[in-house]
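Trainee: Listed below, chain by chain, are the residues.
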Amino acid sequence: MVEKIKREWFSNIRADILAGTVVALALIPEAIAFSIIAGVDPMVGLYASFCIVVIIAFVGGRPGMISAATGAMALVMAPLVREHGLDYLLVATVLTGIIQLLFGIFKVSRFMKFIPRAVMIGFVNALAILIFMAQVPHFIGISNMTYLFVAITLAIVYILPRFFKAIPAPLIAIVVLTSVALYANIDLRSVGDLGAITRSLPEFFIPNVPLTFETLAIVFPFSLALAIVGLLESLLTASIVDDMTDTESDKNREARGQGIANIVTGFFGGMAGCAMIGQSVINVKSGGRGRLSTLTAGALLMFLIIVLGNLVVQIPMPVLVGIMIMVSIGTFDWSSFTYLRKAPKADAIVMLVTVGIVVATNDLSKGVFAGVILSAIFFVAKISKLKVKEHHDNKHLIFKVDGQLFFASTEDFIASFDFSVENEDIIIDFSNARIWDDSAVGAVDKVVMKYREKNNRVTIKDLDTSSQKLLNELAVYNKG
Amino acid sequence: MYKTILLAVDGSENSLRATDEAVKIASLIPDCQIVVVFVADFSKSKNEILHAQGKEELEYARRKKMLPVEEKINSKNINYQLKILRGNPGPTIIEHADQEKADMVVIGSRGLNTLQEMVLGSVSHEVMKNANCPVLIVK
Numbered sequence: 001m002v003e004k005i006k007r008e009w010f011s012n013i014r015a016d017i018l019a020g021t022v023v024a025l026a027l028i029p030e031a032i033a034f035s036i037i038a039g040v041d042p043m044v045g046l047y048a049s050f051c052i053v054v055i056i057a058f059v060g061g062r063p064g065m066i067s068a069a070t071g072a073m074a075l076v077m078a079p080l081v082r083e084h085g086l087d088y089l090l091v092a093t094v095l096t097g098i099i100q101l102l103f104g105i106f107k108v109s110r111f112m113k114f115i116p117r118a119v120m121i122g123f124v125n126a127l128a129i130l131i132f133m134a135q136v137p138h139f140i141g142i143s144n145m146t147y148l149f150v151a152i153t154l155a156i157v158y159i160l161p162r163f164f165k166a167i168p169a170p171l172i173a174i175v176v177l178t179s180v181a182l183y184a185n186i187d188l189r190s191v192g193d194l195g196a197i198t199r200s201l202p203e204f205f206i207p208n209v210p211l212t213f214e215t216l217a218i219v220f221p222f223s224l225a226l227a228i229v230g231l232l233e234s235l236l237t238a239s240i241v242d243d244m245t246d247t248e249s250d251k252n253r254e255a256r257g258q259g260i261a262n263i264v265t266g267f268f269g270g271m272a273g274c275a276m277i278g279q280s281v282i283n284v285k286s287g288g289r290g291r292l293s294t295l296t297a298g299a300l301l302m303f304l305i306i307v308l309g310n311l312v313v314q315i316p317m318p319v320l321v322g323i324m325i326m327v328s329i330g331t332f333d334w335s336s337f338t339y340l341r342k343a344p345k346a347d348a349i350v351m352l353v354t355v356g357i358v359v360a361t362n363d364l365s366k367g368v369f370a371g372v373i374l375s376a377i378f379f380v381a382k383i384s385k386l387k388v389k390e391h392h393d394n395k396h397l398i399f400k401v402d403g404q405l406f407f408a409s410t411e412d413f414i415a416s417f418d419f420s421v422e423n424e425d426i427i428i429d430f431s432n433a434r435i436w437d438d439s440a441v442g443a444v445d446k447v448v449m450k451y452r453e454k455n456n457r458v459t460i461k462d463l464d465t466s467s468q469k470l471l472n473e474l475a476v477y478n479k480g
Numbered sequence: 001m002y003k004t005i006l007l008a009v010d011g012s013e014n015s016l017r018a019t020d021e022a023v024k025i026a027s028l029i030p031d032c033q034i035v036v037v038f039v040a041d042f043s044k045s046k047n048e049i050l051h052a053q054g055k056e057e058l059e060y061a062r063r064k065k066m067l068p069v070e071e072k073i074n075s076k077n078i079n080y081q082l083k084i085l086r087g088n089p090g091p092t093i094i095e096h097a098d099q100e101k102a103d104m105v106v107i108g109s110r111g112l113n114t115l116q117e118m119v120l121g122s123v124s125h126e127v128m129k130n131a132n133c134p135v136l137i138v139k
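Sequences listed follow chains L and R, in order. The first sequence begins at 1 in this note's numbering and counts up by one. The second sequence begins at 1 in this note's numbering and counts up by one.
To be clear, the hints were calculated from the coordinates, so they are not data collected in a lab. Model, not experiment: these values are computed from the prediction. For each residue, glycine too, the CB sits at the ideal point set by N, CA and C. Incorrect hints may appear among the rest.
Stated by the list, open to error - Pulled from the structure, derived: some chain R residues nowhere near chain L, Cβ distances all over 12 Å:
{"id": "1", "residue": "Ser12"}
{"id": "2", "residue": "Ser27"}
{"id": "3", "residue": "Pro30"}
{"id": "4", "residue": "Asn47"}
{"id": "5", "residue": "Ile49"}
{"id": "6", "residue": "Leu67"}
To be verified - Covered, in the sense of this in silico footprint (three residues per stretch, anywhere, with C-beta under 8 Å from a C-beta of chain L), are these stretches of chain R:
{"id": "7", "stretch": "33-46"}
{"id": "8", "stretch": "53-61"}
Chain R on its own, in the form it takes in the complex (with noise of 0.2 Å):
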């Protein structure tokens, strides 16, 4: 079965319904553990860090964006933990799960349309294309 979970959140909406997915999977299975990875994007750190007064402010902003998936995970006493890694996120989180050795990843997706994606790019598919293990795209 599924012993190790990655589920990567941004602290959008959509992440947030991606960790009720994970949650009901790894509540099925004893001993599963979620490994729960936050990206800060390499293209987002310039506007981040001039809209933050100081690091301290933008390590705290950060945490709080994982603080409702914590939670919802620990409601359900599932083993946890939390990352924060910095890169671009569809690569980084591709490269993580490889390095967890995961068994599977779950990933909220934006619904962009078409267009939508060509432009901003879709993190989700991304990882869907490239991953080497199986991918739970959440809407």
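Pulled out of the complex, with its shape left as it was, chain L reads as follows (with noise of 0.2 Å):
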């Protein structure tokens, strides 16, 4: 126990300590920007990666995984923040950390396998473009000096990390064009402009919203769609973090952390977030690999949001959205063209539904279960398909089936025999097939029936062992 402690915290403590600084520096923007996306206070996503960043250093399954504010989470929870309004948002956050914590208990991270990859593939990349969809009102046609600035960030974004890695392109993006900005008086549109910014640490309160069965009407439905997408980012976080690393880690553990510090970040007035892609492959490149680093991206956040409070309300809007369309170009899975091309035409279809259906709903939640059910229904009908063919020897006939005979096959199953023989001796032989329930063993009932009627024998062979145990058990034409 000491030992991993000793691990998971101090064993890399230079690197950590450094690595987590450029985290808190990359964060700052994010945070501030994810916060307008979800319509609240920069100070309610500033928070929220404070106290999720803290939190999960102490309680997450992943050791160097960086969570916050997410643009998944802001996406989400817009709707509800545009009617109801930020009170709500926080009731909803914590109830998305206790439906996490359950799912976490209740171990239901095993299921995450049964999210195909083109779901996933979609998910990413439906998240990439509402990003980018959410930046348009703030920059199209508002005015030059708004293009201008966010041809400049994106300039500064894409090009200066080639010369200069020590400080992160898009925190030097925001303070040199700010200030360019306020000496050069600019007339641009701010961050102050969309909402007003208090500088102090987060205090616990309680939501002021009634606490009756009507809240929570309008709060679960959003809480479930938050619980699931942060646990589907948090989860494909902690994969790509393993694989970087070359290390395991717990995802259930992960799952009841999120849960955790979605929980208590609500009580402090924050939004709900989830791990972050991009941040942890940051922390992982800058060589960031235990607890520590994760802390101390938490506490120099803190340290920073009360430094920079009366600068956050400066930041010109399109130096946010230049960095946005950053996020969002480094969130999308440019490989998917060439998935598209290549992968079976099935995968295509489900991750262009997937894609098509949140871009259409706006809810990324939406898109997920139709691409699982939609993928489920092509697995079903590939799996379902079944040949019987048919030959003659010397003697016998034969009918050699080849698939899975179980509910959905059974139809074809049956209607691939010709039953107008008579006086044959046939064989059905299942070597390269296998029965599966029930239904299946009704339709090798029904056939053998039905061959008999006409005085044909009939023998089944070749059954793997459990396939002939359940034609032993259920069967009736054996019993006669």
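Each chain sits in its own coordinate frame; assemble them with the hints.
Mentor: Structural data, given as structure tokens:
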């Protein structure tokens, strides 16, 4: 136990502190921008990021992973904030945490493997598209100066890292361009135009909503969607960090940790969050491996919020838009275009449907549901394809069955026999087939009976053990 | 003579050509060892996880990339070990070459032009500039 704590916290002190610092700096622009996507004061996102990062450092299941306010969660909660306001969001955040905690306790993460990769690819692509679309109202058709600032921001975030890597480029873009805009007195929309910023430490309070069934009815669908989207992104991120660091992580502990983090965050006036792919990659690339890197990021973030509080309201919107465009380009899976050409048609369709439904409904969880259901249907359709080949040898009429015999394939199975024959020795060869359920046994029964009616002798051969067992227990033809 | 040759591969055509050259050199020297290094690139990790159904499939895909390299080395009965490392390819290869006290690094080059090299970055170029031993770049 002590050994484990030592390893997870103190095995990599120097690199962890450095990486945590980089992450804190990189988190600020995103936390502010995601708050704006959610439609809340930037402080809500910054508080949330601080709370979540610090709590996850202690209770998360994947050391070195960074969790905070994220775009995926912001997009899901935006309609709730628009219609019901911040207090309902805080309740939803607490409830999201409770749901995630339960998911963790009941080990729901093992069901993650039922989500096909086509759905996950669709998920990240849809996320990227939504983040981009959320920026459009903030820069299209406002002023030429707006376009110019977006362009300069993009130039800074893409070109600068080639020469200078110590400080994250988005933060440099914010500091430099905010100063330029202030000194040159350039007329641009700023963060302050969208919400007021209070500069203080987060404090505990109970959200001001009536605790009724009606509140629950409003909040629950959002919480469920948030819980699922949050876990999906968190577990995907955990797998990425697992792979990058060649280590294992405890996915159920991570789910419980995400839950605890969101419960606490909700009570401290923050919005729900989850693990961030981009920031976690930055952390690992900068050398962060242990829990200390996550804690450093959180502690420094709080310090920066207090120091930079005044500056945050002055940040011109076009700069944040530029940074979010970078985030969406980074989130999008550009190899999807090759995937569409090379992957099986059914997978490609599942991916497109997932993206399409998310973009149409603005709800990531609906897209995931649709994708999972559609791919399940495709899977059943594929696996239920069953072939029966007929041939004669000198004495027997042989039917060779190829495929899985279960409720979805019984109809095809029966239809592929020719029942006009009489007085034959018939062999049904099951060496390439398997019987799965009682409807399959019923189908075999029916075929055998029908042949017997016309004076044929039927032998069933080469069943595997479990199919044979099912047939012995349930079939009628062999009991007469 | 060369006792340890570090061969950096990524499963591509040019890394197979590099393998041929490493094998030629190694087969001339008695008890020469080839250390084959495959670096799983940090910046590709997200993409690879997303496109793989689970960890086992990804690991299998990586092992499969090393297979033709292994065959080439095996056919000449040369002593070798395989290593899958993680990180930023250039620095990781150099670091590992130091660690193994490699006498030479053999690496393939994609043959990028100046512009591509600026945008994509050349691993072989980076290794050549920063390695602490002779580097053979195979075109």
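Trainee: Decide, hint by hint, whether the structure agrees.
Mentor: The hints, checked one at a time:
1. Ser12: Holds, since 16 Å exceeds 12 Å.
2. Ser27: Correct as stated: the minimum Cβ-Cβ distance to chain L is 32 Å, above 12 Å.
3. Pro30: Check passes; 34 Å lies beyond 12 Å.
4. Asn47: violated (6 Å)
5. Ile49: violated (5 Å)
6. Leu67: holds (20 Å)
7. 33-46: Holds, because 5 residues of the stretch 33-46 of chain R bring their Cβ atoms closer than 8 Å to Cβ atoms of chain L.
8. 53-61: Coverage by chain L holds here, the residue count being 4 at a Cβ distance below 8 Å.
Checked against the numbered hints given earlier, the structure breaks hints 4, 5 and satisfies all the rest.
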